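K.L.:
This is what each chain is made of:
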Amino acid sequence: MTAFQVEAEQRAAALERRERIKHRIGDYGLLVVFAGYFVFMALASDRFLTVGNLVNVVRQSSVIGLVAIGMTFVMITAGIDLSVGAVVGVAAVVAARVAIDPGSGLLLPLVAGLGVSLVVGGINSLLIIRGKILPFLATLAVMAGTRGFALVYTNGQPTGGLNPQFDVLGQGSIGPVPIPVIVFLTAGLVADLVLSKTKFGRHVYAVGGSIETARDVGIPVSQVLLRVYLLSALLAAAAGVVLTARVDGADPLVGTGYELDAIAAVVIGGTSLFGGVGTVRGTILGVLLLGMVVNGLNLLNVASYYQQMIKGIVLVLAVVLNRWKSQ
Amino acid sequence: MSMTTEPQPRVPVVALEDIWKTFGAVRALHGVYFDVMPGETHGLVGDNAAGKSTLMKILTGVYDPDRGAIEVNGKRVHFSSPSESRDMGIEMIFQHFALAENLDIRANIFLGREVERRHLGGLIRFLDTRRMTTETLRILKLLDLEMDPKLKVRRLSGGQRQVVAIGRALAFDARLVIMDEPTANLAVGKVEKLLELTKRLHQFGVAVIVISHRLDEIFAVADRITVMRLGGIVGRFNKDDVTQEQVSRLISHGRDGAEEAGA
Numbered sequence: 001m002t003a004f005q006v007e008a009e010q011r012a013a014a015l016e017r018r019e020r021i022k023h024r025i026g027d028y029g030l031l032v033v034f035a036g037y038f039v040f041m042a043l044a045s046d047r048f049l050t051v052g053n054l055v056n057v058v059r060q061s062s063v064i065g066l067v068a069i070g071m072t073f074v075m076i077t078a079g080i081d082l083s084v085g086a087v088v089g090v091a092a093v094v095a096a097r098v099a100i101d102p103g104s105g106l107l108l109p110l111v112a113g114l115g116v117s118l119v120v121g122g123i124n125s126l127l128i129i130r131g132k133i134l135p136f137l138a139t140l141a142v143m144a145g146t147r148g149f150a151l152v153y154t155n156g157q158p159t160g161g162l163n164p165q166f167d168v169l170g171q172g173s174i175g176p177v178p179i180p181v182i183v184f185l186t187a188g189l190v191a192d193l194v195l196s197k198t199k200f201g202r203h204v205y206a207v208g209g210s211i212e213t214a215r216d217v218g219i220p221v222s223q224v225l226l227r228v229y230l231l232s233a234l235l236a237a238a239a240g241v242v243l244t245a246r247v248d249g250a251d252p253l254v255g256t257g258y259e260l261d262a263i264a265a266v267v268i269g270g271t272s273l274f275g276g277v278g279t280v281r282g283t284i285l286g287v288l289l290l291g292m293v294v295n296g297l298n299l300l301n302v303a304s305y306y307q308q309m310i311k312g313i314v315l316v317l318a319v320v321l322n323r324w325k326s327q
Numbered sequence: 328m329s330m331t332t333e334p335q336p337r338v339p340v341v342a343l344e345d346i347w348k349t350f351g352a353v354r355a356l357h358g359v360y361f362d363v364m365p366g367e368t369h370g371l372v373g374d375n376a377a378g379k380s381t382l383m384k385i386l387t388g389v390y391d392p393d394r395g396a397i398e399v400n401g402k403r404v405h406f407s408s409p410s411e412s413r414d415m416g417i418e419m420i421f422q423h424f425a426l427a428e429n430l431d432i433r434a435n436i437f438l439g440r441e442v443e444r445r446h447l448g449g450l451i452r453f454l455d456t457r458r459m460t461t462e463t464l465r466i467l468k469l470l471d472l473e474m475d476p477k478l479k480v481r482r483l484s485g486g487q488r489q490v491v492a493i494g495r496a497l498a499f500d501a502r503l504v505i506m507d508e509p510t511a512n513l514a515v516g517k518v519e520k521l522l523e524l525t526k527r528l529h530q531f532g533v534a535v536i537v538i539s540h541r542l543d544e545i546f547a548v549a550d551r552i553t554v555m556r557l558g559g560i561v562g563r564f565n566k567d568d569v570t571q572e573q574v575s576r577l578i579s580h581g582r583d584g585a586e587e588a589g590a
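These protein sequences, in sequence, are chains C and D. For what it's worth, the working numbering labels the leading residue of the first sequence as 1, then goes sequentially. For what it's worth, the working numbering labels the leading residue of the second sequence as 328, then goes sequentially.
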């Protein structure tokens with residue numbers, strides 16, 4: 001190694017350190033809000049700061065959380081996936097139909113639920129990549145079609161009484177930690193690594209920054225978009241399956257409106273609607289913040305109609321905060 | 328740097344021979360010969376529909392010619408994709424630089440060719456950010472641009488962006504850099520900057536093709552000039568053997584006007 005190389009290595013190491021720190025305080029604003037609300041609730045309600053309640057918050061957030069993780073990838077490519085709520089529904093009913101069979105075990109309904117989502121994700125990508133239809137319109141159409149399929153498939157009827165082995169996915173726990181929480185946090189950790197540390201993740205940002213540039217430098221843009229929409233569908237399906245197991249059944253209308261909750265959480269987490277910017281860890285923080293708001297308002301006996309209004313206010317505040325941060 | 332002073336015969340960095348290309352009924356190129364010698368700056372001029380960009384897209388593997396041969400360092404090659412052309416050391420610097428503004432300098436230098444590190448026997452591959460940072464610092468130092476590789480490209484000036492775009496070419500051992508309208512996105516001191524950059528590229532043994540509609544620029548930097556018109560070559564000169572007026576007439580009329588002048 002020459003002297004310059006040594007110097008370059010040292011500088012590189014120093015820069016790496018600085019970047020890591022910067023990354024950590026990147027979500028600073030959101031963290032302050034998060035911490036502030038946390039302290040407020042801890043003081044306002046003596047039932048908030050208990051292990052039971054906090055685990056509950058994360059568990060209740062885990063379904064929207066899974067959906068929002070996938071949505072983060074989509075939105076960073078400057079796209080949107082409105083079909084995820086319907087995917088939650090279709091994966092839920094398909095898994096439930098398989099799981100009524102007492103001998104179906106855990107794996108079969110899970111694979112069936114996840115499998116059907118890949119078809120939906122595939123149709124989304126086909127319309128967007130080949131059909132060159134705007135993601136908003138393509139996934140809106142697929143949302144309607146998928147929800148319709150779930151209703152036709154079940155004749156509009158709920159399915160219940162699933163095999164207990166399958167229900168473990170939603171009701172079981174390892175130690176004090178419920179399995180939905182483990183699924184959500186594991187998915188979040190892996191997705192965060194994929195987005196921030198892999199070539200695919202880098203390409204997701206590049207496509208969202210400028211699709212022309214991505215093409216010019218030889219990034220396989222279609223392949224990146226295909227993977228992103230498949231991932232989004234797959235995570236939405238995982239949410240649907242976990243939810244089905246949790247409540248031991250599925251209604252064909254389950255998941256309605258989840259796409260909007262997920263988008264809200266992603267935006268609160270700092271992802272730009274215009275693409276190119278965002279993180280999974282931000283999204284997770286956004287999901288948990290929304291979950292804590294609902295939980296806190298419940299603990300304070302605020303009527304659910306007010307809760308909707310307050311969620312709206314939180315969303316607006318988050319957008320203002322993010323804009324201020326990026327300036 | 329001039330070609331005529333070189334004593335030994337040399338192999339062109341790239342040579343395009345008898346290239347034909349049609350798009351439907353449009354004959355974009357007919358029987359085009361074009362080459363670039365080592366260490367040369369070759370100016371390519373012509374009107375909008377002259378065929379310059381079609382020719383460059385064939386050279387960079389975007390299009391496949393209907394007929395004709397491509398040689399790189401005397402070896403016949405066939406490009407079925409832009410990445411194959413890049414692998415042979417042919418780099419394009421786009422007019423708009425093709426940078427992702429939301430990413431930092433380092434990410435842009437390696438965009439589409441990220442370096443990875445294998446973990447668990449290749450099962451997991453993460454970006455090798457340390458190596459890419461070190462390499463980016465080396466490239467920036469070569470180009471006298473002392474900047475934090477973590478700086479977002481959004482915050483760079485036009486000139487700095489061009490240096491990053493050139494750095495991207497140098498990071499991958501370019502033999503030939505094609506610069507498309509290189510000064511269109513620069514604010515000040517355009518020609519001087521371009522001259523300096525081409526000189527620097529030559530120091531690294533890189534040949535350059537400059538495409539421009541500004542003849543003053545071409546005459547300032549080029550060793551040879553090729554004029555295209557309506558899909559064919561209408562003239563090729565050593566810079567010192569021709570005037571801007573002659574080239575200008577060739578571009579618009581296909582003739583240099585010498586016969587009128589002589590008559």
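Careful: at least some of the hints might be erroneous.
[As the list claims (entries may be wrong)] List of simulated lysine-lysine pairs, DSS-like, C-alpha gap at most 30 Å:
1) D:384 to C:199
2) C:199 to D:468
3) D:468 to D:520
4) D:479 to C:199
5) D:479 to C:197
6) D:384 to C:132
7) D:477 to C:199
8) D:526 to C:197
9) D:402 to D:517
10) D:468 to C:197
[What the hints assert, rightly or not] Reference listing, derived: stretches of chain C covered by chain D, where coverage requires no fewer than 3 residues with Cβ under 8 Å from a Cβ of chain D:
11) 189 to 199
12) 204 to 212
13) 215 to 229
Just so you know, the hints here were simulated from the structure itself, not pulled from any lab data. Remember, it's a predicted structure, so these values are computed and weren't measured experimentally. By construction, the Cβ of each residue, glycine as well, lies at the ideal position given by its N, Cα and C atoms.
K.L.:
Which hint numbers does the structure go against, in order from smallest to largest?
P.N.:
Violated: hints 8 and 9.
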